[in-house]
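Residue numbers (our numbering), protein chains in the order written: chain A, 1 to 316; chain B, 1 to 316.
Hints are computed from structural coordinates only; laboratory data are not their basis.
It cannot be assumed that every hint is accurate.
Copies of one chain are not kept apart here, so a pair can be met inside one copy or by any two copies together.
Stated by the list, open to error - Here are the simulated DMTMM-like pairs of lysine to aspartate or glutamate, each with C-alpha atoms no more than 25 angstroms apart in a straight line: (1) K78 with D128; (2) K193 with E270; (3) K35 with E290; (4) K173 with E243; (5) K179 with E243; (6) K230 with D272; (7) K289 with E79; (8) K289 with D58; (9) K173 with D280; (10) K209 with D63; (11) K240 with E172; (12) K78 with E295; (13) K179 with E57; (14) K78 with E290; (15) K179 with D280; (16) K289 with E172; (17) K78 with D29; (18) K196 with E57; (19) K173 with E284; (20) K217 with E201; (21) K101 with D58; (22) K173 with E290.
Residue-level listing of the chains:
2 protein chains.
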Amino acid sequence: MKYLVGVDLGVTDIKVGVVDKYGRLIRKDSIPTLKERTFEAIISDTAALILNVLDSEDIEVKDVKYIGVGTPGIPNNKEGIIVRNYTLNFHNAPIRSEIQKHINLPVFIENDANCAALAESVAGAAEDYDHSVTIKLGTGIGGGIIVNNSIYSGFNFAGAELGHMVVSMSGEKCTCGRKGCWEAYASATALIKQIKEAAQENPESIINKLVDNDYSKINERTVFEAAKQKDEVSKVVIQKYLEYLSEGVANIINILQPDVIVIGGEISKEGDNLIKQLRDLVYEKVYSKEVSMPEIKTAQTGSASVMIGAAMLGLY
Amino acid sequence: MKYLVGVDLGVTDIKVGVVDKYGRLIRKDSIPTLKERTFEAIISDTAALILNVLDSEDIEVKDVKYIGVGTPGIPNNKEGIIVRNYTLNFHNAPIRSEIQKHINLPVFIENDANCAALAESVAGAAEDYDHSVTIKLGTGIGGGIIVNNSIYSGFNFAGAELGHMVVSMSGEKCTCGRKGCWEAYASATALIKQIKEAAQENPESIINKLVDNDYSKINERTVFEAAKQKDEVSKVVIQKYLEYLSEGVANIINILQPDVIVIGGEISKEGDNLIKQLRDLVYEKVYSKEVSMPEIKTAQTGSASVMIGAAMLGLY
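Could you put together the complete structure from these sequences and hints?
Right under this line is the structure:
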């Protein structure tokens, strides 16, 4: 059996994993991206890390089938480039040919959120299903759509920008320039803003105690922690946030009716506590109540998701 | 070559067409649905109409490959039933077996909006493309999603309810019970409401003259007619309506990035006049400006769309 290599080329870290054909991680390692460097320096270090990880498992390059790379931005796998990646400042970056200067293997390129969705489809919460949508609640809302077990990203590879679905015309300003995008209400960033505002307006809230009145310590799970301590303010914040989250999830269901919606990101660690409330709110909103509703689950592949999904790119 | 039969089982009329494998309509006929009748009576008349249409072209049943039926509601083609169709009051209606009591041929069943999308994909505005989304602006907003030249409707056949994507949380009440659905802003019904309100508020508007102050005569194209006569009130109504329409179209592009978005319904007869303005508004709103945007076109298969799409069900 040949091994597969998955690379998560991220803004902070470059992670490399050796994966088997079932999407199981055999070994991984990571280095800081140091994104201010040149593209060539970043890829050179990525290639060296790949060779190191292979070496530590006594795997030779000839025993590897291909390398898959997941990175933010719009990929063009046909050309082997990233068309545009703002966070890493790549513009028509020839990732395939640059890696192949160091390692002679086929190279596949894909958007990182799409890789995470593929990882969930192959070896995670969606593994028993053909159609899934994975939503990552982070700085923004990243999305990946799986149709018939493969990534669907449209004719130009730029689809699944689920966070940039407007749910409130003329609403909150989004980083993309539009108003009312879902991620301006339901990303982790949006939740943290909602928590801060509630804490400021309600000095008696347990949120303030939990962070010693230092709002820079607030993260997306603070409000759940406070709610467990019976903080009423936090319960209101969570309820409102889940309303926002459910509007977008219900929209995705009305449009795509995947077998399963997979929720990832730090918030998803709240598990059933979160999913049950979310499912009830979504059910109220879906259009077709005469048929079963897609399942809603938390992501299972965690911080390895992009690596695992990237490693699967040549198989699905 | 075997012939294909497509049936548009609608609320007002039952239309039957004989179609060739390229989606070209050879002959068609229609009868009123008289929807208050029993399901059995409706299907019995449908079967008689099929046999009549075949007979008038001297085609025998053995020269027909199958019958495809497009009808409102949620289909289950596996079971050969319509799970639920509110407008015709069908509930788990066994369309396949009921037709087969009269004609011994395979029968495929699909939602009518999905059929229209397939017709555009096979023989209409999307025929040169793999991925398309067809939007019909009518009483509501119907939608059909084509992925890799086939209908995509999710695991439960209930997807592509594009009109029930909320674009304005807590906004206009929708017939589905939710608030802020796209169809409450951008359907033909919504446009007619917007035109009436503008005409009432602006007695000097040409709209009032065009309909002799009889608002029941207003249809979705009245406002375009008035705008051609330089009516400033109408220009404002159109601009606002196209803003609403563009919000949903941009959302669909951000999510699905199909090769082409096909706009159907009476409004689409405005043609380039409409499409050009819409495209400019959509371009402002799409997330990924570094790659080409999907094309936006008007539907080409017109009132035959459901028949043609239904006739293609066994081929795609």
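Against the structure, the hints:
In this assembly of identical chains, the alpha carbons of K78 and D128 lie at most 25 angstroms apart only when taken from different copies (20 angstroms versus 29 angstroms within one copy). In this assembly of identical chains, K193 and E270 lie within 25 angstroms of each other by CA distance solely inside one copy; the values are 19 angstroms within and 45 angstroms between copies. When the C-alpha separation of K35 and E290 is checked against a cutoff of 25 angstroms, the pair qualifies only between copies, where the shortest distance is 21 angstroms, while the shortest distance within a copy is 50 angstroms. Taking the closest pair of Cα atoms, K173 and E243 come within 25 angstroms of each other both inside a single copy (19 angstroms) and across two copies (17 angstroms).
Taking the closest pair of Cα atoms, K179 and E243 come within 25 angstroms of each other both inside a single copy (18 angstroms) and across two copies (13 angstroms). In this assembly of identical chains, the alpha carbons of K230 and D272 lie at most 25 angstroms apart only when taken from the same copy (18 angstroms versus 59 angstroms across copies). Within a single copy, K289 and E79 get their C-alpha atoms only as close as 44 angstroms, which misses the 25 angstroms cut-off; across copies the closest is 19 angstroms, which meets it. Taking the shortest alpha-carbon separations for K289 and D58, neither the intra-copy value of 54 angstroms nor the inter-copy value of 45 angstroms comes in at or below 25 angstroms.
Within a single copy, K173 and D280 get their C-alpha atoms only as close as 28 angstroms, which misses the 25 angstroms cut-off; across copies the closest is 21 angstroms, which meets it. Proximity of K209 to D63 under the C-alpha cut-off of 25 angstroms is found in neither arrangement, the shortest distances being 55 angstroms within a copy and 79 angstroms between copies. In this assembly of identical chains, the alpha carbons of K240 and E172 lie at most 25 angstroms apart whether taken from the same copy (15 angstroms) or from different copies (19 angstroms). Taking identical chains as interchangeable, the C-alpha atoms of K78 and E295 lie at most 25 angstroms apart only when they sit on different chains, with a minimum of 21 angstroms there against 34 angstroms within one chain.
For a Cα distance limit of 25 angstroms, the shortest separation of K179 from E57 qualifies neither inside one copy, at 50 angstroms, nor across copies, at 56 angstroms. Taking the closest pair of Cα atoms, K78 and E290 come within 25 angstroms of each other only across two copies (16 angstroms); inside a single copy the shortest separation is 42 angstroms, beyond that limit. In the homo-oligomer, the alpha carbons of K179 and D280 lie at most 25 angstroms apart only across protomers (17 angstroms), although the nearest pairing inside one protomer, at 27 angstroms, exceeds that limit. Taking CA atoms no more than 25 angstroms apart as the test, K289 paired with E172 passes between copies only; the shortest distance there is 21 angstroms, against 30 angstroms inside one copy.
For the homomeric pair K78 and D29, neither the shortest alpha-carbon distance inside one copy (28 angstroms) nor that between copies (47 angstroms) is at most 25 angstroms. For the homomeric pair K196 and E57, neither the shortest alpha-carbon distance inside one copy (47 angstroms) nor that between copies (73 angstroms) is at most 25 angstroms. Within a single copy, K173 and E284 get their C-alpha atoms only as close as 27 angstroms, which misses the 25 angstroms cut-off; across copies the closest is 15 angstroms, which meets it. For the homomeric pair K217 and E201, the shortest alpha-carbon distance inside one copy (17 angstroms) is at most 25 angstroms, but the shortest distance between copies (53 angstroms) is not.
Taking the shortest Cα distances, K101 and D58 sit within 25 angstroms of each other inside one copy (22 angstroms), while across copies they are farther apart (68 angstroms). Taking identical chains as interchangeable, the C-alpha atoms of K173 and E290 lie at most 25 angstroms apart only when they sit on different chains, with a minimum of 21 angstroms there against 36 angstroms within one chain.
In the structure shown, a violation is registered for the earlier hints numbered 8, 10, 13, 17, 18, in ascending order.
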